[in-house]
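Construct the complete structure from the given sequences, taking the supplied hints into account.
For the record, the sequence lines run as chains R and L.
Using this note's numbering, read the first sequence as starting at 5 and increasing by one per residue.
Using this note's numbering, read the second sequence as starting at 4 and increasing by one per residue.
Honestly, the hints are just simulated from the structure, not real lab data.
Watch out, some of these pointers could steer you wrong.
Here are the computed distance ranges between Cβ atoms for each label pair [to be verified]:
{"#": "1", "chain 1": "L", "residue 1": "Glu48", "chain 2": "R", "residue 2": "Pro73", "range": "20 to 28 angstroms"}
{"#": "2", "chain 1": "R", "residue 1": "Pro12", "chain 2": "L", "residue 2": "Lys5", "range": "29 to 37 angstroms"}
{"#": "3", "chain 1": "R", "residue 1": "Asn34", "chain 2": "L", "residue 2": "Gly19", "range": "38 to 46 angstroms"}
{"#": "4", "chain 1": "L", "residue 1": "Asn58", "chain 2": "R", "residue 2": "Phe77", "range": "35 to 43 angstroms"}
{"#": "5", "chain 1": "R", "residue 1": "Asn11", "chain 2": "L", "residue 2": "Gly57", "range": "36 to 44 angstroms"}
{"#": "6", "chain 1": "R", "residue 1": "Asp81", "chain 2": "L", "residue 2": "Lys45", "range": "32 to 40 angstroms"}
{"#": "7", "chain 1": "L", "residue 1": "Lys5", "chain 2": "R", "residue 2": "Phe58", "range": "23 to 31 angstroms"}
{"#": "8", "chain 1": "L", "residue 1": "Arg80", "chain 2": "R", "residue 2": "Ser44", "range": "23 to 31 angstroms"}
{"#": "9", "chain 1": "R", "residue 1": "Asp81", "chain 2": "L", "residue 2": "Asn58", "range": "37 to 45 angstroms"}
{"#": "10", "chain 1": "L", "residue 1": "Ser72", "chain 2": "R", "residue 2": "Ser44", "range": "23 to 31 angstroms"}
{"#": "11", "chain 1": "R", "residue 1": "Ser43", "chain 2": "L", "residue 2": "Leu14", "range": "15 to 23 angstroms"}
{"#": "12", "chain 1": "L", "residue 1": "Ala32", "chain 2": "R", "residue 2": "Asn60", "range": "16 to 24 angstroms"}
Cβ atoms here follow ideal geometry from the backbone N, Cα and C, with glycine treated the same way.
Here's the letter readout for the chains.
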Amino acid sequence: DAMVIQNPRYQVTQFGKPVTLSCSQTLNHNVMYWYQQKSSQAPKLLFHYYDKDFNNEADTPDNFQSRRPNTSFCFLDIRSPGLGDAAMYLCATSRGHTSYEQYFGPGTRLTVT
Amino acid sequence: QKEVEQDPGPLSVPEGAIVSLNCTYSNSAFQYFMWYRQYSRKGPELLMYTYSSGNKEDGRFTAQVDKSSKYISLFIRDSQPSDSATYLCAMTGPSYNTDKLIFGTGTRLQVFP
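Okay, here's the thing in structure tokens:
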């Protein structure tokens with residue numbers, strides 16, 4: 005089945021220790037998104053790639069970076085995680101720019117100690 | 004004022020009940036309206052989307068959009084315990100290919116046998 009895969013599902017990191025979250029997709033969609041979702045809150049868009057074009061949201065902290073080496077993979081790097089960065093990180097894809105139809109991965113739950 | 008407001012619940016109903024989930028919004032430019040279902044510790048999955056005002060039915064699910072009132076609804080008929088999840092409304096527009104999704108915070112639904 006075509007899908008969006010996120011690894012790891014659970015990640016524990018120490019305050020200030022860089023961490024990388026991974027997303028891969030077999031849907032061959034050209035748009036990939038990263039969202040942050042805190043408990044009982046709406047998913048918050050951090051950035052997205054349209055093919056190789058990177059689009060950062062204005063309020064995404066500089067601490068968050070992303071890489072997309074090819075169509076299938078996208079990475080979220082958190083350079084110096086703070087306690088406030090503990091959240092579920094969701095990767096999503098869409099075909100073209102049909103942003104209303106996004107396919108989400110299961111998420112990575114990040115804990116910062 | 005948030006762009007999208009959604010009652011967080013929880014909403015607890017007996018199996019077989021008709022469930023009504025609602026969102027209000029403030030941006031009259033929104034044209035595309037979506038409902039996502041999110042099971043615990045999983046990513047959201049798209050249930051339905053509607054363009055502009057009107058109704059759309061898919062099995063036990065009916066989505067309604069009233070743009071004049073800036074109000075959208077999702078009805079679930081003959082609710083099942085497997086419907087227990089958080090339901091997120093989302094919207095975008097006027098252009099689906101340049102505008103990002105704006106999510107509500109989600110309503111948690113519990114259907115008990």
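Results of checking the hints against the structure:
no., hint, result
1, Glu48/L - Pro73/R: 20 to 28 angstroms, "holds (27 angstroms)"
2, Pro12/R - Lys5/L: 29 to 37 angstroms, "holds (32 angstroms)"
3, Asn34/R - Gly19/L: 38 to 46 angstroms, "holds (43 angstroms)"
4, Asn58/L - Phe77/R: 35 to 43 angstroms, "holds (40 angstroms)"
5, Asn11/R - Gly57/L: 36 to 44 angstroms, "holds (40 angstroms)"
6, Asp81/R - Lys45/L: 32 to 40 angstroms, "violated (24 angstroms)"
7, Lys5/L - Phe58/R: 23 to 31 angstroms, "holds (27 angstroms)"
8, Arg80/L - Ser44/R: 23 to 31 angstroms, "holds (27 angstroms)"
9, Asp81/R - Asn58/L: 37 to 45 angstroms, "holds (44 angstroms)"
10, Ser72/L - Ser44/R: 23 to 31 angstroms, "holds (26 angstroms)"
11, Ser43/R - Leu14/L: 15 to 23 angstroms, "holds (18 angstroms)"
12, Ala32/L - Asn60/R: 16 to 24 angstroms, "holds (22 angstroms)"
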